[in-house]
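Student: Whenever a hint applies, use it, and build me the whole structure from the sequences.
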Amino acid sequence: MPAEIAVEIQGLVKRFGDFVAVDNVSLTVAKGEIFGFLGPNGAGKSTTIRILCGLLAPTSGRAFVSGFDVATEPEKVKRSIGYMSQRFSLYDDLTVEENLNFFCGIYGVPKERREERKQYVLSMAGLTGKRTVMTRLLAGGWKQRLALGTAILHEPPVLFLDEPTSGVDPIARRAFWDLIDQLSQAGRTIFVTTHYMDEAEYCHRIALLYKGKAVAMDSPRALKQEMGVGSMEEVFISAIEREDR
Amino acid sequence: MVILPPVLQLIIFGFAVNLDVENARVAWFDQDRSAASRELGAMLANSRYFQVVARPETEAEAQLLLDRGAVLSVVRVGPGFGADMDRGRTGQVQVLMDGTNSNDAGIVSAYVSRVVSNLGRARGREFPGGVEIQPRAWFNEELKSRNYFVPGVVMNIITLITLMLTAMAIVREKEIGTMEQLMVTPVRPLELMLGKTIPFALIGLLDMALATVTALMVFHVPFRGSVWMLVGSSCLFLLSTLGTGLFLSTISRTQQQAMMSAFFFFTPAFMLSGFTFPVRNMPEPIQWLTYLNPLRYFIEVLRGVFLKGTGVEILWPQLAAMGLIGVTILLVSAGRFQKRLD
Amino acid sequence: MKFRRVKAMARKEFLHIVRDTRSLVMALLVPLFMLFLFGYALSLDVDHIPTMIVDQDQTPSSRELRARFEGTPYFEVRGVETSTALVNREIDRGAILLAVVIPAGFHRDLARGERPGVQLLLDGSDSNTASIAINYAQALITGWSLERMAGRRASLPAEAQVRVFYNSDLKSRNFLIPGLIAVVLMIIAALLTSLTIAREWENGSMEQLLSTPLRPAEIVLGKLAAYFAIGAVDVVTSVLVSIFVFDVPLRGNLFFLAFASGIFLFGALAWGILISAIAKTQLLAYQMGMLSSFLPAFLLSGFMYSIENMPQAIQVTTYIVPARYFIAVLKAVYLKGEGMTLLWAQIVFLAVYGGIVFALATRKIGHKVA
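These protein sequence lines map, in sequence, to chains A, B and C.
Everything in the first sequence is counted per our numbering, starting at 1 for the first residue and increasing by one.
Everything in the second sequence is counted per our numbering, starting at 1 for the first residue and increasing by one.
Everything in the third sequence is counted per our numbering, starting at 1 for the first residue and increasing by one.
Warning: the hint list may mix true and false statements.
If we take Cβ atoms under 10 angstroms as the criterion, some of the chain C residues that face chain B in the derived model are [to be verified]:
1) Met34
2) Ile134
3) Thr142
4) Asn174
5) Asp247
6) Leu283
7) Tyr286
8) Met304
9) Asn309
10) Lys336
11) Met340
For the record, the hints were derived by calculation from the structure and aren't laboratory data.
Predicted, not measured: the structure shown is a model, and the values here were computed from it.
Where is the CB? At the ideal position from N, CA and C, for every residue including glycine.
Tutor: Now the structure itself:
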């Protein structure tokens, strides 16, 4: 796999009994790209991300993250990714610093670098000086940013963010995407799922998932041109109508 | 989860709870080998209370058997036993007991003594004069301890289930957040409370019925009282358990806390209910404490209904006590069960 | 397996425990509380049996026999009647457990060398106490009639002299308390750990953990380590209380006791974690924990009811109750002073049990998502 490709999926299929959650999806994501994964609920977005993180095994097809096969080398994959899951942020009954320490230990951040990384994450989340605050007491937006921070403590080349801004106010959402942009410019690859259509505009390329299939895949601008519509919402609706025909 | 485990538990535990000593493992150490000693050995082996699992030849062997816990007792007869008996002197039998289980030890030593005294009679040496003792046990003629315990096992299973389910289920809704959803509806606190506890009450009664049927069919525990008594007293009892479950849910924020609190309540209630350890044996202050324990009353009622066939005339104090405790707990819990989040 | 990750996991787990003050306090105090309560309150020793004497004879002999009953602490004579009219009611009410009926003509028949019958009427519903009451009453009556005979030629054909080993005053406490320690530990271990993994599944953090380089075995080991610390404190306090408050003799080796406790604790905690991994919700985990730890620990472990007295089929089920082995070890170490030589089988079993359960828990967590 060429060094510029961070994530590659070839003919991925995932079945749960009779239900096909992911239906023959193929795509590649280049290094430093912000790749958006859009689609309605139940389209297969979270399942795909879980497979890429090594949490689920594919039924057939292959997937590679940072050059490692997720099916045969999940441990290597896990070491080179950061994952922000949909529900969980951080442990509410631990302080900000304790949460950071925990993930430093888990990800094996070398002792000499820990303080530096923690400070970086804290300032990125706007929480410098709030080390000893109980996580439970943080407002939603801060928690999300802190959670993003814990995912990058070990400076992974690839980030998987599953609906990272759900339930967050528009201003905090914009600030969050600024962060993502910063990370991308620093050379990290970011694979994001979202169902906020306006956020799709922030991505370099997006894939639209519907009933397990990738029904559209290109940059937002190209898709709008192709469908002859003015917004991502309309792209979405057109693509689905087209598929249903 | 509601039907199978209780019945399964009742069966397993019902068979397990048994203080009757039968087939106690003993060793027979005969240093005499006379007609008399052989007869004693045979009586021991034939008795249904004992099984002779070893016949040691030396002191050391006998001691090792005791140390290893291979036998509960070593019955030993010295070299002059038969001669003594023939000459009209008292034959000495030594009974070495493993006292680590004092209950079994006490019972076994009594059995051995009885066998030994029967020996005299068998050898035609009737003890002239003396008294004939005629024991008669009512309600449980064969003195099967299972009849004593199974009603208690029934009670414990029912308590555990209703208490546990009620406490955890309500706190769970608090944790997940659906409780908040319910609280903003026009539903009144009382209705909410009833809605949450009545299903568990029904489950409790269903399990009670299942457990009773199992007790009768599998364990042949007699049922001499009235079914209405059983149903009525169960309802009164459930008032207490559901009320307590409700109460625990109002003082717990998380499921973990609810669980530990339920356990904290249940274990002393269970141990101090007279289930295995008679209340009569407890120190005075603790006995006073048990007056507050609904399980204490319910087990008296259960034993009365199953074994004694007693009715309301005799058991009304217990019923009244359960009713009083149940209603009090429910009122306290209802008071705490506000339609607020804290 | 990286120790660094296990350490991080253990530290986080420990923080969780410490932050939940109520559970922590309970985990440390409940064993103590139970030991105290049950050590003082519970006893299988039978005495002060409520008794009624029905003296239908009213002669010197009957009065002597009556006095015997009144003079012993085993019986508590609640009333002396002349007829059996009240016996039914008093037994039904539970006011008396035993009625001793001395028939009319008792004194006369004794003098003539005929054997008068003394009836013992008992409430059989408490069969244990009833059996023991019968034994005591028989011993008392026989002892009395023997003394009357002393002087005449008669002597007992044969008599049994009982010598009790290890627990010479047959205090039930000495055999209950070591067992109680095992029961308490089993329950605390199950309670503490059974919710821990289910909780992480319920709030979504388990998925997060599994996406990191953290291995399932490291998760289990880290959690085990944190809870082991609590359990160890419980063991120490329990043993101290048993020795200094209840005077239960500890004749065996303290280090061996610690060693055996450690192995048992490992298995008990691992079991709780396994349950937590199998159950998807905390509610279910709690129910399973209660079913599989609490009740078996009380009823199937040999704590209150001897395993030998159970039907074969049930005895088989007790083989997988770890508390059973630990109780055997505790009783032997306390009362018999035994060590590894005679107890190695139990230790091996406990170790194997712990190992298997640990492996199962690890596998279960690993397989869950896929």
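Student: Each hint should be assessed against the structure and marked as holding or not.
Tutor: Hint-by-hint comparison with the structure:
| no. | hint | verdict |
| --- | --- | --- |
| 1 | Met34 | holds (6 angstroms) |
| 2 | Ile134 | holds (5 angstroms) |
| 3 | Thr142 | holds (7 angstroms) |
| 4 | Asn174 | holds (7 angstroms) |
| 5 | Asp247 | violated (15 angstroms) |
| 6 | Leu283 | holds (5 angstroms) |
| 7 | Tyr286 | holds (5 angstroms) |
| 8 | Met304 | holds (5 angstroms) |
| 9 | Asn309 | holds (5 angstroms) |
| 10 | Lys336 | holds (6 angstroms) |
| 11 | Met340 | violated (14 angstroms) |
Violated hints for the displayed structure, listed by number in ascending order: 5, 11.
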